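There are 4 protein chains.
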Amino acid sequence: MPQLLDETAKGVYIIAATPFADDGGLDLESAERMTDFYLECGVSGMTILGVMGEAPKLSAQESADFVSRVLARVKGRVPVIVGASSAGNRNLGAFVKKVMDMGAAGVMVAPIAGLKNEEQIEGYYDAVVREIGSTPIVLQDYPQLTNVHMSVSVINRMLAKHDSIKVLKHEDVPGLRKLSKVRAADSDGSRKRRISIMVGNSALHLPQEMRRGADGANTGFAYPEMLVEAVNLCLEGKFDAAEDLYDVYLPIVRHEQQPALGLAVRKEVLRRRGVIKSAHVRAPGYAMDAAEHKELDELMARLERKLAEIGRATKPFKG
Amino acid sequence: MPQLLDETAKGVYIIAATPFADDGGLDLESAERMTDFYLECGVSGMTILGVMGEAPKLSAQESADFVSRVLARVKGRVPVIVGASSAGNRNLGAFVKKVMDMGAAGVMVAPIAGLKNEEQIEGYYDAVVREIGSTPIVLQDYPQLTNVHMSVSVINRMLAKHDSIKVLKHEDVPGLRKLSKVRAADSDGSRKRRISIMVGNSALHLPQEMRRGADGANTGFAYPEMLVEAVNLCLEGKFDAAEDLYDVYLPIVRHEQQPALGLAVRKEVLRRRGVIKSAHVRAPGYAMDAAEHKELDELMARLERKLAEIGRATKPFKG
Amino acid sequence: MPQLLDETAKGVYIIAATPFADDGGLDLESAERMTDFYLECGVSGMTILGVMGEAPKLSAQESADFVSRVLARVKGRVPVIVGASSAGNRNLGAFVKKVMDMGAAGVMVAPIAGLKNEEQIEGYYDAVVREIGSTPIVLQDYPQLTNVHMSVSVINRMLAKHDSIKVLKHEDVPGLRKLSKVRAADSDGSRKRRISIMVGNSALHLPQEMRRGADGANTGFAYPEMLVEAVNLCLEGKFDAAEDLYDVYLPIVRHEQQPALGLAVRKEVLRRRGVIKSAHVRAPGYAMDAAEHKELDELMARLERKLAEIGRATKPFKG
Amino acid sequence: MPQLLDETAKGVYIIAATPFADDGGLDLESAERMTDFYLECGVSGMTILGVMGEAPKLSAQESADFVSRVLARVKGRVPVIVGASSAGNRNLGAFVKKVMDMGAAGVMVAPIAGLKNEEQIEGYYDAVVREIGSTPIVLQDYPQLTNVHMSVSVINRMLAKHDSIKVLKHEDVPGLRKLSKVRAADSDGSRKRRISIMVGNSALHLPQEMRRGADGANTGFAYPEMLVEAVNLCLEGKFDAAEDLYDVYLPIVRHEQQPALGLAVRKEVLRRRGVIKSAHVRAPGYAMDAAEHKELDELMARLERKLAEIGRATKPFKG
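Chains as they are written, first to last, in the working numbering: chain E, 13 to 331; chain X, 13 to 331; chain G, 13 to 331; chain H, 13 to 331.
Hints are supplied without guarantee of correctness; some may be wrong.
Remember, identical chains collapse to one label, so a pair may be satisfied in a single copy or spanning two.
[Unchecked claim] Computed cross-link-like contacts, DMTMM-like style, restricted to lysine to aspartate or glutamate with a CA-CA straight-line distance of at most 20 Å:
hint, residue 1, residue 2
1, Lys193, Glu134
2, Lys109, Asp175
3, Lys306, Glu280
4, Lys193, Glu19
5, Lys110, Glu74
6, Lys173, Glu143
7, Lys289, Glu41
8, Lys193, Asp301
9, Lys306, Asp252
10, Lys306, Asp259
11, Lys87, Glu52
12, Lys87, Asp77
13, Lys173, Glu19
14, Lys250, Glu310
15, Lys109, Asp35
16, Lys250, Asp309
17, Lys306, Asp256
18, Lys109, Glu74
19, Lys22, Glu241
These aren't lab readings, by the way, just hints derived from the structure by calculation. Being a predicted model, the structure only gives us computed values, none of them experimental.
The whole structure should be built from the sequences, with the hints applied where relevant.
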């Protein structure tokens with residue numbers, strides 16, 4: 013019986029890519045290698061079929077196959093969250109039931125496009141919770157992508173109303189003050205439980221967010237070992253050591269955080285590191301050109317040089 | 013001493029155009045004729061320098077001159093609201109002080125662009141009220157233009173907090189249910205006063221809005237005499253008669269309601285009716301072409317035919 | 013062998029609703045009655061699974077069942093266009109192949125969200141055409157919904173490049189001048205063929221659009237018989253007679269054109285007319301309340317009164 | 013006679029803040045110190061009243077006073093560009109005339125909000141050029157702020173048509189490929205002149221942009237000495253040395269790049285460095301709280317530690 017996601021979630025919940033072959037077909041073998049890689053990096057959980065997982069470009073069958081294969085590979089060692097955002101609640105409900113039956117630990121739900129004010133946002137999550145009952149939810153607050161904007165108040169109201177929302181995936185920008193305010197409600201008596209806050213937004217502000225009380229990272233940086241080490245250092249209170257390490261990777265974090273191009277870069281780094289066979293992004297999607305490959309060569313070479321200066325190196329994944 | 017705007021506002025508060033000469037210069041003579049025209053049509057108030065008044069295209073001096081000339085012409089016969097939306101609160105405050113000193117009855121304030129959630133919206137109006145004290149405010153809820161979205165809750169919170177907000181200019185779409193909900197708070201004990209709700213959005217849903225409890229129209233249709241008659245009939249409870257009249261004009265209401273083109277059409281109708289000398293819209297703005305003039309010819313001719321069928325006619329303004 | 017859509021398309025291509033039972037299940041029996049109704053109204057074609065068809069809220073199986081049942085009922089009497097917009101081109105391609113194999117006459121493709129400039133728009137349609145070959149396409153230009161903005165130039169460039177784009181579904185606002193400009197390119201030598209332009213946007217500007225050269229309507233107004241009669245009158249050059257008729261229905265056209273509420277109203281009118289069993293809209297979606305039902309009662313009663321004045325009446329559908 | 017901006021512009025054109033006193037009044041004394049500071053840092057030019065200069069929050073008189081004082085202080089040593097974006101072309105024209113008469117070297121013009129397609133964008137700049145004649149223009153391409161999206165094609169068409177556009181301020185995201193494409197048109201025969209490309213977007217991708225052929229930076233980072241040194245190294249072809257230096261500051265570049273908060277941080281760093289007296293941002297604007305001050309303390313302390321590791325330090329400005 014797999015463990016369900018709860019409010020104690022912390023560490024790195026890696027946002028997994030969905031590997032395709034060069035011809036665009038789903039590459040389940042790479043999915044298994046990628047799963048091994050993430051586990052070897054020490055992640056505390058995995059989130060599959062998120063935004064960066066190209067979920068809306070999969071067929072229903074492909075989604076099911078991918079979820080099934082990843083879950084089988086993970087074998088319950090870490091919780092697996094499945095992205096379940098959907099244009100219709102009925103489809104969402106059916107999909108959630110399916111993946112929870114398969115052994116997922118919870119689902120991530122971003123607000124659908126077109127929610128324009130806070131009554132609409134609240135009404136939307138009320139309906140989602142009615143649809144999926146007590147299934148644990150990661151609430152994704154990613155306005156740059158969804159164009160749905162939640163204030164701290166509406167987030168706190170929803171957390172108060174729906175016990176099944178266990179984790180806030182925080183990726184608003186600017187977001188540091190917002191994170192602190194949501195965190196504050198855990199201890200000022202206004203909320204009965206302490207929720208988990210995991211940060212996304214490509215980890216661009218990870219050290220500052222951890223200092224402000226985040227519980228970990230829920231993003232897909234292609235060097236997850238750094239995320240794991242930095243987050244663990246922060247959880248031990250060693251913020252400066254964490255930031256020293258993080259800053260070495262910041263040039264690539266910053267590069268990967270670019271919309272559209274970012275996913276292509278992320279997959280290409282995983283490919284170069286021996287994790288997945290092809291960096292193919294399904295259309296419509298970004299395909300790197302020669303200049304972008306060269307740029308990435310330089311950034312990766314610089315990373316190795318900077319790591320060498322502190323007696324470290326990245327290592328390709330052996331599988 | 014001019015009367016200040018309060019919650020009893022009702023009838024038609026016409027949104028006035030700002031007349032320019034063909035060369036783009038401010039035409040204060042036409043402004044006076046236009047003022048006479050609106051008063052002759054029986055409006056209960058005027059709103060100048062609103063969105064349709066091309067306010068951001070005027071220089072500070074032109075704004076002052078225009079406000080001053082209109083106020084002098086009105087001579088206190090009806091309240092004059094001045095649009096005061098501004099990118100900076102300090103400028104807003106200085107402008108509000110100036111026009112209130114001149115004799116304006118209140119100001120209309122739309123939320124600035126970029127307010128993304130309800131805490132930000134509330135914070136913005138808190139700051140505006142701090143800046144302008146007890147000056148009566150028309151709160152403009154026009155998300156199609158501002159891209160700022162207010163739920164009923166945030167509107168009601170702001171009405172509860174700020175007594176100086178006297179009128180809601182309602183122009184959200186779809187907006188009928190929203191109007192009813194704001195209205196309901198007047199009588200269900202949750203608000204201590206009944207506020208005024210005037211409808212905008214080019215009066216496209218005026219009859220339905222009046223049936224739901226609006227107090228009048230705050231828009232700039234180029235046949236204000238119809239708005240006045242229809243709103244008065246509604247205020248007497250003669251909704252069907254009002255709608256019969258309104259529907260005759262609906263084809264032009266619908267035509268004028270188009271963004272960008274609408275202002276050009278509105279000014280051209282006013283010009284044709286003898287109200288203003290030129291239909292010039294300042295750049296960047298829409299300039300009607302021959303096909304659009306012909307289209308308007310047809311729509312205006314159809315209006316006269318339909319009016320003739322019920323024994324009526326529009327009359328050019330003699331001034 | 014069903015006829016494929018081509019540039020001669022004209023008349024009314026009705027945008028069909030997707031009927032659900034009160035419990036949200038797909039109601040294929042109502043789908044058949046609705047098909048009969050549309051055909052009885054004299055439509056020249058049908059578009060199913062468009063925006064108003066709640067396509068993204070159907071499961072893959074439901075979509076296939078619905079398409080199949082409608083096609084079987086139509087029996088080739090009119091062309092059936094299937095909405096095929098999709099977040100991924102591979103899914104889009106597979107779906108298009110399936111529905112064309114079933115007997116669809118063509119597909120409607122709106123630009124995906126997030127296309128921000130004209131190179132991206134052009135690149136998107138290039139990729140779609142590569143994916144679906146010579147399948148006839150209705151290009152949907154509906155920026156209010158998609159937030160993708162096409163100038164006349166980019167539309168004309170795509171029409172020049174892709175012969176398979178047969179119809180422009182025109183629903184930009186303001187759009188009249190745009191329609192004329194696209195039309196002009198048919199005859200000024202810059203395009204080798206005359207394309208079909210069908211208007212959407214709930215037919216809010218239908219008479220003006222037909223006068224400017226549109227070939228018909230591609231929208232879902234719940235009184236299709238009016239659309240058919242008005243469009244036919246226009247195609248015979250009897251524009252004033254068409255507009256006289258249209259204007260009687262304009263209050264309801266205007267009411268139905270409201271976003272979100274509009275679909276609920278449209279389905280409710282179809283239900284009241286005996287066409288579909290339930291007006292259910294799948295969540296997330298608008299559910300009419302008592303005030304909205306009363307409002308619709310009044311508008312429908314007014315329509316009958318106005319029709320009676322010209323010796324007409326709507327008739328419930330007998331099936 | 014001041015030199016006008018031309019296509020040879022390179023180096024750092026600093027985006028200047030507008031200093032206010034704690035009570036919100038314009039602080040012209042700080043403006044002079046800030047000017048001295050920028051010049052001492054070695055900037056090649058200054059851009060005042062840009063987005064970060066809070067231009068729309070100044071009164072007309074304040075704008076004129078500020079421009080005048082800065083120009084007087086600069087005494088022609090470097091070109092000064094003035095932000096001239098305006099809602100109306102007539103106001104824009106009058107303002108441009110005024111500042112050019114005062115001795116500005118050119119103006120920066122961002123597209124007004126609401127330009128939705130490329131015909132509209134092109135039409136807008138056509139009108140601006142008609143209004144201001146041959147005044148040298150910096151074309152600002154900052155879609156994250158303006159929500160106006162330009163493809164490479166429309167940028168190149170405008171550069172071909174308007175010789176007075178001398179500089180592209182490039183700040184689209186992702187933007188690296190776009191920069192290369194605009195650059196390519198300088199040498200592939202499609203454009204008769206090589207234009208200047210300066211990068212904005214808070215310099216978040218400066219090293220990559222310089223490697224791709226940018227001529228410099230046009231942003232307001234609060235350690236301009238780093239921008240100057242890094243850009244100069246790049247212009248000498250020493251890209252790796254430049255990036256080594258840049259990366260030390262990247263944590264703060266990344267922190268400052270946050271919308272809204274960024275300006276407050278930038279002003280606070282300038283205040284701490286002794287450049288301006290107050291970090292006041294005019295309302296509506298971001299005011300840093302205690303947590304944000306502490307966060308900045310830590311980031312600035314880390315910067316000094318990292319600089320010390322390479323035998324460097326920042327130095328407060330003595331004025």
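Hints, one by one, checked against the model:
1. Lys193 to Glu134: Both. Shortest intra-copy (19 Å) and inter-copy (17 Å) distances satisfy the 20 Å Cα cut-off.
2. Lys109 to Asp175: Within one copy, since 18 Å is at most 20 Å while 44 Å is not.
3. Lys306 to Glu280: within (12 Å within a copy, 38 Å between copies)
4. Lys193 to Glu19: within (17 Å within a copy, 37 Å between copies)
5. Lys110 to Glu74: both (13 Å within a copy, 17 Å between copies)
6. Lys173 to Glu143: So Lys173 and Glu143 pass the 20 Å test inside one copy only (15 Å; across, 36 Å).
7. Lys289 to Glu41: within (9 Å within a copy, 48 Å between copies)
8. Lys193 to Asp301: between (42 Å within a copy, 12 Å between copies)
9. Lys306 to Asp252: Between copies, since 14 Å is at most 20 Å while 32 Å is not.
10. Lys306 to Asp259: For Lys306 and Asp259, the Cα distance is within 20 Å only across copies (19 Å; inside one copy 22 Å).
11. Lys87 to Glu52: Classified as within: same-chain Cα gap 14 Å, cross-chain 59 Å, threshold 20 Å.
12. Lys87 to Asp77: within (15 Å within a copy, 37 Å between copies)
13. Lys173 to Glu19: Answer is within; shortest intra-copy Cα gap is 15 Å, inter-copy 36 Å.
14. Lys250 to Glu310: For Lys250 and Glu310, the Cα distance is within 20 Å only across copies (14 Å; inside one copy 30 Å).
15. Lys109 to Asp35: between (31 Å within a copy, 18 Å between copies)
16. Lys250 to Asp309: Classified as between: cross-chain Cα gap 17 Å, same-chain 32 Å, threshold 20 Å.
17. Lys306 to Asp256: between (27 Å within a copy, 18 Å between copies)
18. Lys109 to Glu74: both (17 Å within a copy, 18 Å between copies)
19. Lys22 to Glu241: within (13 Å within a copy, 41 Å between copies)
In this structure, every one of the numbered hints holds.
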